[in-house]
Amino acid sequence: MRVTKNLSNPALRGGASAIAMALFGACAPQVAWAQDRVEAPAEDQAAQDDTGEVDEIVVTGLRQSLASAQSIKRNADQFVDSITAQDIGRLPDVNVAEALQRISGVQITRNRGEGSGVAVRGLTQVRTELNGRDIFSASGGRGLSFEEVGSELLAGVDVYKNPSADLVEGGLSGTVNLRTRLPFDQSGQLIAVTGGVTYYDLIEKSGQQLAGLYSNRWDTGIGEIGFLANVGYQTTSFREDTVVTEPFYQRGPAAPGVQTPINGFANQTVLLPHGGGFETAYGDRERLSGAAALQWRPTSGLEFYAQYFRADYKFNEAGNSFFAYGSDLLPSPNRPFTVDENGIVRTGYLSNPGVDSVNFGTVRDTSTTDISGGVRWDVTSNLLLTVDYQHIDSTVEQTTMNLTASALNPRTSVPGAGQSYDLFFDISGDVPVFQSTTPGYFSNLANYGMTAILPYGEMNDAAADALRADLTWDFGDDGFIRDVRVGGRYTEKSAINRNTTYGTWSAIGQSCANWSGDCKRLSDFPQFAQPNPFQADLLRGSARDTVFGPVWQFADNLVLNPQAAFDAVRQASGQQVEFRDYDSPDAFLGTINEKTYAAYVRVGFGGEVGTVTFDGNVGVRAVRTETLASGRRLLTYRDPAATGGVGTNVPNIIVDEDFSGGRNFDRYLPSANIKVNLTEKLLLRGAFSQNFSRPSFAQLNPQFNLQPSYTDAGDVRALVPNVATPGTPYDPVTNPYVGTGTALGDPNLKPEEATSYDLALEWYFDNVGFVYVTGFYKNLKNLLVERAAAPVFEQLPGVGNVRFNVRRWVNESEGYVRGFEVGGQKFFDFLPAPFDGLGVQANYTFADSDAGVTAAGDINSTTEISVPLVNLSKHSYNLVALYDKNGLNMRAAYNWRSSFLQGTANTGTQNLPIFGEAYGTLDASITYDVTRQFAITVDAQNLLDTAFKSYQIFDDRPRDYGINDRRFSVRALVRF
47 MRVTKNLSNP
57 ALRGGASAIA
67 MALFGACAPQ
77 VAWAQDRVEA
87 PAEDQAAQDD
97 TGEVDEIVVT
107 GLRQSLASAQ
117 SIKRNADQFV
127 DSITAQDIGR
137 LPDVNVAEAL
147 QRISGVQITR
157 NRGEGSGVAV
167 RGLTQVRTEL
177 NGRDIFSASG
187 GRGLSFEEVG
197 SELLAGVDVY
207 KNPSADLVEG
217 GLSGTVNLRT
227 RLPFDQSGQL
237 IAVTGGVTYY
247 DLIEKSGQQL
257 AGLYSNRWDT
267 GIGEIGFLAN
277 VGYQTTSFRE
287 DTVVTEPFYQ
297 RGPAAPGVQT
307 PINGFANQTV
317 LLPHGGGFET
327 AYGDRERLSG
337 AAALQWRPTS
347 GLEFYAQYFR
357 ADYKFNEAGN
367 SFFAYGSDLL
377 PSPNRPFTVD
387 ENGIVRTGYL
397 SNPGVDSVNF
407 GTVRDTSTTD
417 ISGGVRWDVT
427 SNLLLTVDYQ
437 HIDSTVEQTT
447 MNLTASALNP
457 RTSVPGAGQS
467 YDLFFDISGD
477 VPVFQSTTPG
487 YFSNLANYGM
497 TAILPYGEMN
507 DAAADALRAD
517 LTWDFGDDGF
527 IRDVRVGGRY
537 TEKSAINRNT
547 TYGTWSAIGQ
557 SCANWSGDCK
567 RLSDFPQFAQ
577 PNPFQADLLR
587 GSARDTVFGP
597 VWQFADNLVL
607 NPQAAFDAVR
617 QASGQQVEFR
627 DYDSPDAFLG
637 TINEKTYAAY
647 VRVGFGGEVG
657 TVTFDGNVGV
667 RAVRTETLAS
677 GRRLLTYRDP
687 AATGGVGTNV
697 PNIIVDEDFS
707 GGRNFDRYLP
717 SANIKVNLTE
727 KLLLRGAFSQ
737 NFSRPSFAQL
747 NPQFNLQPSY
757 TDAGDVRALV
767 PNVATPGTPY
777 DPVTNPYVGT
787 GTALGDPNLK
797 PEEATSYDLA
807 LEWYFDNVGF
817 VYVTGFYKNL
827 KNLLVERAAA
837 PVFEQLPGVG
847 NVRFNVRRWV
857 NESEGYVRGF
867 EVGGQKFFDF
877 LPAPFDGLGV
887 QANYTFADSD
897 AGVTAAGDIN
907 STTEISVPLV
917 NLSKHSYNLV
927 ALYDKNGLNM
937 RAAYNWRSSF
947 LQGTANTGTQ
957 NLPIFGEAYG
967 TLDASITYDV
977 TRQFAITVDA
987 QNLLDTAFKS
997 YQIFDDRPRD
1007 YGINDRRFSV
1017 RALVRF
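Numbering follows my numbering, in which position 630 of the sequence shown is assigned residue number 676; successive positions increment by one, without gaps.
Mixed in with the good hints there might be a few duds.
Once the Cα atoms are required to be at most 30 Å apart in a straight line, the calculated DSSO-like pairs of lysine-lysine come out as [unchecked claim]:
id : residue 1 : residue 2
1  : K920      : K872
2  : K827      : K360
3  : K872      : K641
Beta-carbon label-pair distances, calculated as ranges [said to hold, decoys possible]:
id : residue 1 : residue 2 : range
4  : L674      : D524      : 48 to 54 Å
5  : D1001     : G310      : 22 to 28 Å
6  : P686      : S474      : 50 to 56 Å
7  : A764      : D1001     : 40 to 46 Å
By construction, these hints were calculated from the structure, which means they are not laboratory data.
From the three backbone atoms N, C-alpha and C, an ideal C-beta is built for every residue, glycine too.
With the sequences and hints as input, model every part of the structure.
Structure (structure tokens):
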């Protein structure tokens, strides 16, 4: 294929030629390890030299794309890794995150099989930009979730790992800039349409993709005008199956509290899993994205521009979670157990566990709009002024419905309900086994009771305005000082967060629990029940008979249609349940307002010492942040003036009050970059910078719930809370009363800070061939950690000093992340035809951290262990095989990462650290250019059907075993 392009700025040729080559994916993808701006963002595009003169660029395929990317990297003045449009369009990647994982040092997290977030060198505090401007949604974060963006709109993505002073602050690990297309990127009219179908093999459904682009530019009597419109629509489906092992508890003579030993091991303290279960989640996503741009150049030195971006994303999910569990479970007496050499119980029996069958359904709608515009003006031949304005609006609406049915037994249910049985477990293999000793117990609808309903909702709004001005003096290449840039930026952001709180949980009737006096059987209302629709082919059928067998649940249509769930509960128990109104006193309303002021100066320099030339930049950015957040604090405790009562006769004192806070702070952020050309082919690059990351809006959101802990004596309600050390007298300092609580956010959190150092050696031995090695070190300070029991002290009238152990975010850890990256690319031109089209890309990253993060060392243990940063794999690599010849482009990409910490306070894990096991995924794509106007692509993702596994603290204690869809796509592109 031969595509002709006209460009007015040589610095843009890498990105723009990629656009012409592969709009929506017309040729094979390629990661470009470019360490400069591939295309200047809109706020900086005034620096482009738009003279009106054009050169013809001939693009011949993947090989030329690699050469362009290599040239950008070689001439850059800072550390940037880039992906051009064909990488995102041509890979079997649904979104940006899955393309970014090909870059060294970048690791991703997935949501129901799709990439949703990225970590750069182990840090998830990544700043997200759109065309060099801030971009975020009302989901509570500081950025835009990558699963919300349709990749077909993007010209490229840049990852700045050690930014210079002119880049906007806020990325502790770096900045990811999403670049959309502009009409002046092409010389004339360009029309492209692409369509495709993707099959998801686990859910056995298909999704569709359709996108179109129109771009043109005209010479008129008032100057040159360009217009571009780009729209993409995409539907996807998913299914995720997971089998889970519950946390392990100590049993035996040395266990805390002297827990009951297991049969056959009375003199040994062992670790016993307290149950397990499975979850199947399924659903679909819908993306509608649009971008438009208008450029007007009345003269060669003056340009006005306007850009519009809109992303609408709808996420629908439903499923069932079926678990046998209980912290108070007992091992079955007189049953056989097996224990391994590490004291882990591998097979055995649990007596009458609690069993819940929870149906869940969520609908989340996210809309984000970005409107921006500005001017670029060459005031003189060496003085350039840019002014840019941006406005963002975003809304998120979410409704969630949970319905719980419980399998009955004499231990956990009302008298006479269910039968006594033991649960057999076997965790000796990859996939755990859970079965009832009573055959068919879980397949009998009569053994289930209606338990609870939980309707939950959120409605969030966020908005931002930003104004920026930059001035650049260009002094040419003759002196030591090459250019000076100065600029300023002002922003206002606001976020309004509303939620119903989880206080909407309601027992159905009085439920079938053993404390109840009533029981609504699911078998009394069979129209509201159904067998689990996915258990028969759980894990592609391999767990059909080994994980419980057939089970029952509430009907899926009830969680997919909340009104149907409300009607079912009213029919069963007479209760009137509905979503709580957001204006209700029991709902939460939080607001956050933030202003930032920034100014910078950056000096570019260059010179030579003998035969060695060098260039770089040094600068400083001054930033002031002012944040104010308002929310709610709810404190509930028993009236100390009351007399001990029976049942619920003791009144509660409820303190429901507004709570606000905030933090104003100043930071001065120096930075320096230098590149030294040691020889014609070998260069040395170094960088230093300081940066910080503000807490996310969710972390700042003030929502506190506190309650003391009491120990009742039968039906007699205690009026005095428990003390920290039971059995000893209360002391306000050494032995205070205790309680629990949750804090969704804290407005007084500090920003996280990093000082970064990078050093790279790069060798360019061919026009499409180079290797590099980069070392990095980040010194970290004030890292945010979610603690399950961070103390908050409160003096309660008539009670005394209470230490509430609150689940909340705290600034407490500091340390470092360090490592190196090595990689390169090469085409094997020396091979005989047709093998001379073969090529390879490869990179490897080593990253180690010690940031003072700790986690619980075990269940019931007060000892904490040191853990790495969340989502950081010490080892990761990419290996990519390429082929480009005679219009045929092929790529097979394998991505691997070692084990990593998923979290230290995950739901249902007893606050134990959970680690993801090492895994690798294989994706592939083939594109053939049938004609110069028509191309077909076939691609596949997750070809190895990789299972995602996790473990609890140590790799001999399993947690999750899960699988997702394999995806197979066919796409076609037509150009006009």
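Quick rundown of the hints versus the structure:
no., hint, in the structure
1, K920 - K872, "holds, 26 Å"
2, K827 - K360, "violated, 37 Å"
3, K872 - K641, "violated, 48 Å"
4, L674 - D524: 48 to 54 Å, "holds, 50 Å"
5, D1001 - G310: 22 to 28 Å, "holds, 25 Å"
6, P686 - S474: 50 to 56 Å, "holds, 53 Å"
7, A764 - D1001: 40 to 46 Å, "holds, 43 Å"
Checked against the numbered hints above, the structure breaks hints 2, 3 and satisfies the rest.
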